[in-house]
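J.: Chain by chain, the residues run as shown.
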Amino acid sequence: MRTPRALRSPGGAAGAATVLVLVAAGLLAPWLSPYAPDFQQTGAVLRGPSAGHWFGTDDLGRDVLSRLLYGIRQDVIIIVLAVPLSKAIGIAIGLLATTHKAADVLVQRVLDLKLAFPTVILGAALAAFLGPGFSTVLIVIVISGIPVTARLTRTAVLTERERGYVTGARVVGASRTAILVTHILPNAVDALVVNFVMSAAGAVFLEGALSLLGFGIQPPAPSLGGMIEKGLPYLAEQHWGVLAPIAVLTGLVIGLNLLGDALNAALRRG
Amino acid sequence: MLSYFIRRLPTAALTVILTSVVVFLLVGLLPGSPASVILGEQADPAAVAALEERMGLDRPLLWQYTDWARGLITGDLGASYVSGAPIAETLGVAAGATVELALASLVVTAVTGAAFGIAAATVRRRVPQALLRGASALIFGVPEYVLGILLILAFAITVRLLPAGGREPLLADPGIGIQYLAMPAIALGLHSGVVVGRFLETELRGQLEEEYLDTAHAKGVSARRVLWRHALPNALPPVITVLGVRVGHLLGGAVVIEAVFAWPGLGQVLANAVANHDYLIIQDLVVYFVVVFIAVQLVSDLIHASLDPRVRLDGEA
Chain L
1 MRTPRALRSP
11 GGAAGAATVL
21 VLVAAGLLAP
31 WLSPYAPDFQ
41 QTGAVLRGPS
51 AGHWFGTDDL
61 GRDVLSRLLY
71 GIRQDVIIIV
81 LAVPLSKAIG
91 IAIGLLATTH
101 KAADVLVQRV
111 LDLKLAFPTV
121 ILGAALAAFL
131 GPGFSTVLIV
141 IVISGIPVTA
151 RLTRTAVLTE
161 RERGYVTGAR
171 VVGASRTAIL
181 VTHILPNAVD
191 ALVVNFVMSA
201 AGAVFLEGAL
211 SLLGFGIQPP
221 APSLGGMIEK
231 GLPYLAEQHW
241 GVLAPIAVLT
251 GLVIGLNLLG
261 DALNAALRRG
Chain X
1 MLSYFIRRLP
11 TAALTVILTS
21 VVVFLLVGLL
31 PGSPASVILG
41 EQADPAAVAA
51 LEERMGLDRP
61 LLWQYTDWAR
71 GLITGDLGAS
81 YVSGAPIAET
91 LGVAAGATVE
101 LALASLVVTA
111 VTGAAFGIAA
121 ATVRRRVPQA
131 LLRGASALIF
141 GVPEYVLGIL
151 LILAFAITVR
161 LLPAGGREPL
171 LADPGIGIQY
181 LAMPAIALGL
191 HSGVVVGRFL
201 ETELRGQLEE
211 EYLDTAHAKG
221 VSARRVLWRH
231 ALPNALPPVI
241 TVLGVRVGHL
251 LGGAVVIEAV
261 FAWPGLGQVL
271 ANAVANHDYL
281 IIQDLVVYFV
291 VVFIAVQLVS
301 DLIHASLDPR
311 VRLDGEA
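Protein chains in written order, with the UniProt record's numbering: chain L, 1 to 270; chain X, 1 to 317.
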């Protein structure tokens, strides 16, 4: 693992720090939030920033800062659930492709099918038939991450398999599964870590996009994308209601991208 | 080239057919029949049965599918079961708006991509170079829809220069139309411009290090001419392919940007159809989107091959 070295580059360190601070803020939401995320203060609708409400209040008189913290929490929960699941399925499919010629052809065709499907369109189809909400967002993120991971795994296994140490292991009588699990996969881990970080950035981006179309997490539960969608009609009156979630969402995406780039660079340098 | 096209066609057709089957079967995910979902839980059972008959749900699945697929091919899409409006007409009008937005953003992508790529590959001084890198990294990290909202805040709310949303067809009144089109097209196209610019930069740097350019320099060709007449034409073909991939990305991104700018295109039709349980429109749109996506990929492969004689499409292209 070259992870620690990646953190020494300025970009990697800045990215990691941004992500760490935002995620910590989200996880500590119940303790940091001045109000409950759905508490409506009567008569305090679309107020600008003040001592009591740092980022003001939304159209229903709810504290923007509190909703923001809980919104980060929601996005973190989605990442933690969806991205590993997506990677696991992707790795399994990638491994399947390396077992048999026929399996490979089938897997490639299925992945082509997914790649012909714009992710947002997939989201629309699922939102229409499953209903918009948490599970739709989750499924879209899981599906959208599968093709790249599967191809990455497939390529890694095919290259590693030709290396001398694998032949050596085979000569001393190691089984195919043993070689795959103890020798080949650990060598593919680095590439998958980069892929994981990039997918997390993609997940934050997608949650926002799906919310803007009305396919995302439904109110009253706060999410970053949901706050942007609901705040947009009031952009002129209370722009903090939109700017705050936008800043956090962009910070997360850029932070994760920086971290991914730094990991990738450290990996290439070997 | 024709043989390449003919060979790719079965795979493309198979992808479209598989998509249409999957999309057709998605109705099975609904809790209950589509008719009962459209009419709501308290609907009169007789009305539900009548709508089911009108939708053809009482007939065998295979017949339903072939009828629907025939409609997709002939363009005879029928009327919406929710609003009663003819679907082909709704999609036609919205497609015009989306194509206008996508083409405009493609222009933004091509222009900014060329500018970014050429500048990044040729500017040598450190400060401008660092500024370019910073700007491109920032734009790359900011999602299109975020850029769109920031543009609205800056140029429609803070400075009242442009309308925050809506559309006036560009061909009907170019002077007014461009005011509505400018912000969504920039929001959508700029991100792809940076991506294209990065590719162009890499290709251009590669070309500028080639030995044939040393020859050109040696025989006294000006640096400007070396760039524009020799390096750039040779760097372009792979960039064209990337541009083709971005067209697909722009079409997908247009769906979200339309929501931000209330642009009355296919994305808005799709979002409204999801909100109103208008399943037929959603199914039609998804299949059409996939057809366009595949067509764009095919065409950009063909353009790449025609620009670069080294690419043989009959092998592993």
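Hints in this document: simulated from the structure, not taken from any laboratory.
All of these numbers come straight from a predicted model, not from anything done at the bench.
Just to be clear, a hint being listed does not mean it is correct.
Cβ-to-Cβ under 10 Å is the rule here; a few derived chain L residues that face chain X [unchecked claim]: (1) D38; (2) L46; (3) P132.
Now the stretches of chain L that chain X is said to cover, found in silico as 3 or more residues with beta-carbon under 8 Å [as the list claims (entries may be wrong)]: (4) 22-35; (5) 88-97; (6) 210-220.
Even for Gly, the Cβ is constructed at its ideal location relative to N, Cα and C.
J.: All hints are to be evaluated individually against the structure, with a verdict given for each.
T.: Outcome of the hint check:
1. D38: Violated - the Cβ of D38 (chain L) stays beyond 10 Å from chain X, reaching only about 23 Å at its closest.
2. L46: Violated - the Cβ of L46 (chain L) stays beyond 10 Å from chain X, reaching only about 14 Å at its closest.
3. P132: holds (7 Å)
4. 22-35: violated (count 0)
5. 88-97: violated (count 0)
6. 210-220: holds (count 4)
The structure shown violates the earlier hints numbered 1, 2, 4 and 5.
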